[in-house]
Amino acid sequence: MKWAVALAVVVLLVLPQLVGSYLLTVFIFIFFYAYLGQAWNLLGGYGGQISLGHAAFVGIGAYTSTYLAMTYQLSPWIGMFVGGVAAALLGAVVGYLGFRFGLRGFYFILLTVAVAEICRLLVAHTEALGGALGIFITFTGDPWQFQFSDNRAYYYVALGLMLGATGLVAAIETSRLGAYLAAIREDEDAAEALGVNAFRTKLAAIVLSAFLTGLGGTFYANYLFSLQPNTAFGIPLSVEIILRPIVGGGGTLLGPVLGSFILSPLAELSRIYLARGGWSGTHLVAYGLLLIAVVLFLPRGAYPHLAAALARRRRRTS
Amino acid sequence: MNPTLLAQAALNGLLFGGIYSLMAVGLSLIFGVMRVINIAHGDMMVWGSYLAFLLAARFGLDPFVSFVLCAGALFALGVLVQRGLVGRVLDAPHEMQILLMLGVALVLENLALVVFGPETRRTETAYGLATVWLGPVFVDLPRLVTFVLALGLALALYLFLFRSELGMLMRAAADNAYGALVVGADVGRVYAVAFGTGAACVGAAGALLSALLPFSPASGFPQTVTSFNIVIIGGMGSLLGAFLGGILVAVAENLGAVLIAPSLKELVSFVLLVLILLFRPQGLFGGRAG
Numbered sequence: 001m002k003w004a005v006a007l008a009v010v011v012l013l014v015l016p017q018l019v020g021s022y023l024l025t026v027f028i029f030i031f032f033y034a035y036l037g038q039a040w041n042l043l044g045g046y047g048g049q050i051s052l053g054h055a056a057f058v059g060i061g062a063y064t065s066t067y068l069a070m071t072y073q074l075s076p077w078i079g080m081f082v083g084g085v086a087a088a089l090l091g092a093v094v095g096y097l098g099f100r101f102g103l104r105g106f107y108f109i110l111l112t113v114a115v116a117e118i119c120r121l122l123v124a125h126t127e128a129l130g131g132a133l134g135i136f137i138t139f140t141g142d143p144w145q146f147q148f149s150d151n152r153a154y155y156y157v158a159l160g161l162m163l164g165a166t167g168l169v170a171a172i173e174t175s176r177l178g179a180y181l182a183a184i185r186e187d188e189d190a191a192e193a194l195g196v197n198a199f200r201t202k203l204a205a206i207v208l209s210a211f212l213t214g215l216g217g218t219f220y221a222n223y224l225f226s227l228q229p230n231t232a233f234g235i236p237l238s239v240e241i242i243l244r245p246i247v248g249g250g251g252t253l254l255g256p257v258l259g260s261f262i263l264s265p266l267a268e269l270s271r272i273y274l275a276r277g278g279w280s281g282t283h284l285v286a287y288g289l290l291l292i293a294v295v296l297f298l299p300r301g302a303y304p305h306l307a308a309a310l311a312r313r314r315r316r317t318s
Numbered sequence: 001m002n003p004t005l006l007a008q009a010a011l012n013g014l015l016f017g018g019i020y021s022l023m024a025v026g027l028s029l030i031f032g033v034m035r036v037i038n039i040a041h042g043d044m045m046v047w048g049s050y051l052a053f054l055l056a057a058r059f060g061l062d063p064f065v066s067f068v069l070c071a072g073a074l075f076a077l078g079v080l081v082q083r084g085l086v087g088r089v090l091d092a093p094h095e096m097q098i099l100l101m102l103g104v105a106l107v108l109e110n111l112a113l114v115v116f117g118p119e120t121r122r123t124e125t126a127y128g129l130a131t132v133w134l135g136p137v138f139v140d141l142p143r144l145v146t147f148v149l150a151l152g153l154a155l156a157l158y159l160f161l162f163r164s165e166l167g168m169l170m171r172a173a174a175d176n177a178y179g180a181l182v183v184g185a186d187v188g189r190v191y192a193v194a195f196g197t198g199a200a201c202v203g204a205a206g207a208l209l210s211a212l213l214p215f216s217p218a219s220g221f222p223q224t225v226t227s228f229n230i231v232i233i234g235g236m237g238s239l240l241g242a243f244l245g246g247i248l249v250a251v252a253e254n255l256g257a258v259l260i261a262p263s264l265k266e267l268v269s270f271v272l273l274v275l276i277l278l279f280r281p282q283g284l285f286g287g288r289a290g
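For the record, the sequence lines run as chains A and B.
Quick note: the first sequence uses my numbering, first residue 1, plus one each step.
Quick note: the second sequence uses my numbering, first residue 1, plus one each step.
Incorrect hints may have been included.
Claimed, not checked - If the Cβ cut is set under 8 Å, some of the chain A residues that face chain B in the computed set are:
| hint | residue |
| --- | --- |
| 1 | Y72 |
| 2 | Y107 |
| 3 | G281 |
Just so you know, the hints here were simulated from the structure itself, not pulled from any lab data.
Remember, predicted model here, so these are calculated numbers, not experimental data.
For each residue, glycine too, the CB sits at the ideal point set by N, CA and C.
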């Protein structure tokens with residue numbers, strides 16, 4: 001498995017030299033959504049705390065760095081971290097409200113939805129942030145402004161984000177925090193009885209998850225060149241974020257990556273062929289059916305099955 | 001601030017509250033009996049609205065008549081969703097049920113988008129703008145009619161739950177599914193009827209709403225969120241709480257629209273929700289926290 005992963009990374013590193021710019025765009029979306037999915041996975045997959053408002057962190061991160069760049073000419077490379085910290089603060093507020101009062105399951109989901117909606121409404125009513133129309137970013141092609149005229153640069157940034165987040169989650173998985181999170185997911189009361197401070201553990205997970213998601217916001221803004229409150233804070237983005245880890249396998253290290261490799265090309269294909277033919281919405285119908293099928297037939301996601309199949313093959317060959 | 005304007009907003013909210021109450025009661029019923037969160041609730045509502053719209057456009061049926069048909073259609077959809085999907089994951093972890101319903105919501109919303117397009121619609125009625133003056137304030141006639149109809153439907157639901165045998169079995173299954181099974185209830189059937197009834201409530205609410213406000217496929221999810229806000233504010237699992245919560249939230253939103261800004265009225269119910277989650281998580285009328 002290790003060798004396969006190393007080989008895959010090498011292939012991904014040399015890929016931009018071999019394929020055209022359009023295909024790179026598809027890969028950029030794969031990496032970026034895998035990155036966001038991995039950030040979500042930390043809280044939702046490992047910790048079992050489902051957030052349906054993660055778009056809020058993308059939005060905060062994106063708006064923060066863009067606002068700083070426009071008003072104070074601060075490079076988004078620095079603004080990115082300011083945005084990440086802002087998202088982490090919001091995450092801390094959500095976590096404090098939700099976990100302090102023991103909101104579990106559905107109540108927590110609703111709290112995350114409500115916070116994202118409050119952010120969306122407030123940003124849409126703030127003229128300095130472009131209001132409901134949003135902000136359009138002028139393209140300068142200046143790398144210091146997080147803008148590149150070569151798609152390959154975005155490719156490597158997105159790849160770096162995905163690999164970085166996966167590396168971080170790999171380290172957390174085997175750490176004390178990872179073990180505590182899994183214990184809370186499986187049985188919170190039992191974990192507390194064994195001395196796990198569930199409140200602090202979940203708070204750490206949401207702050208870290210929000211920080212990573214917030215960093216991603218800067219990439220989102222500077223790759224799409226436009227920010228609208230309805231898309232940057234909206235439920236559809238939150239749904240996109242949670243689908244990949246769930247389809248790939250929540251609470252597994254490679255689940256979000258696998259999920260993104262399955263879903264992102266599908267989304268791109270259906271956007272091209274269905275939306276253009278006046279069939280917008282069809283790909284979301286397909287998402288819905290896929291989600292239903294995963295829950296009914298693959299409740300643990302695709303990754304555990306893939307891993308089991310690989311293990312069987314290895315046993316047969318050896 | 002002009003007191004007449006505030007009184008008018010409060011009255012409009014009160015009369016609109018019947019629809020909110022109806023959708024919240026449907027959601028609360030489904031949750032109360034099966035402990036399942038119907039994330040597709042608002043999208044079911046939108047389908048109720050579209051059915052009423054089609055019935056009015058094709059057959060000239062008034063939404064204040066056709067809501068019965070819409071409720072029937074949504075009842076069938078609810079039974080189908082319960083029998084085909086939800087019934088299979090009743091023992092699965094909570095988040096799996098939520099993801100399943102999220103899938104159903106995505107399918108319903110976007111199927112509406114594919115079939116009806118993204119334009120906003122509204123069911124036209126002859127008396128759409130009729131009003132009656134009541135001293136300094138006016139009563140919007142369609143709102144008054146929906147309010148009375150919603151009240152009637154809530155009363156019918158109450159009678160069904162507390163007087164009919166099936167209704168009592170439903171409450172028994174909500175209380176203790178295993179116990180209901182022991183005394184001979186067909187729990188699967190009870191669940192199917194419960195989900196169907198909840199969907200019928202929101203279907204009727206959607207049909208009535210279609211005569212008051214424009215709607216589109218995208219209005220489903222916000223309605224789901226509003227329904228949840230109301231149910232949590234009123235108290236999860238309490239039907240009376242859901243009913244009163246609906247009126248409360250509608251009045252608060254209408255007052256907020258006047259006092260703050262029309263486009264910020266959703267903010268009012270979110271702020272109410274956050275306050276409730278913080279200080280009284282069991283809701284205003286709920287007995288215990290979820």
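Legend entry - Status of the G281 of chain A interface restraint (C-beta, 8 Å, chain B): G281 of chain A check passes; min Cβ-Cβ to chain B is 3 Å, inside 8 Å.
Legend entry - Status of the hint placing Y107 of chain A at chain B (closest C-beta pair under 8 Å): Holds, because the Cβ-Cβ distance from Y107 of chain A to chain B comes to roughly 6 Å (cut-off 8 Å).
Inset, instruction - Grab the minimum C-beta distance from Y72 of chain A to chain B and call the hint holds if it beats 8 Å, violated otherwise. - result: violated (29 Å)
Checked against the numbered hints given earlier, the structure breaks only hint 1 and satisfies all the rest.
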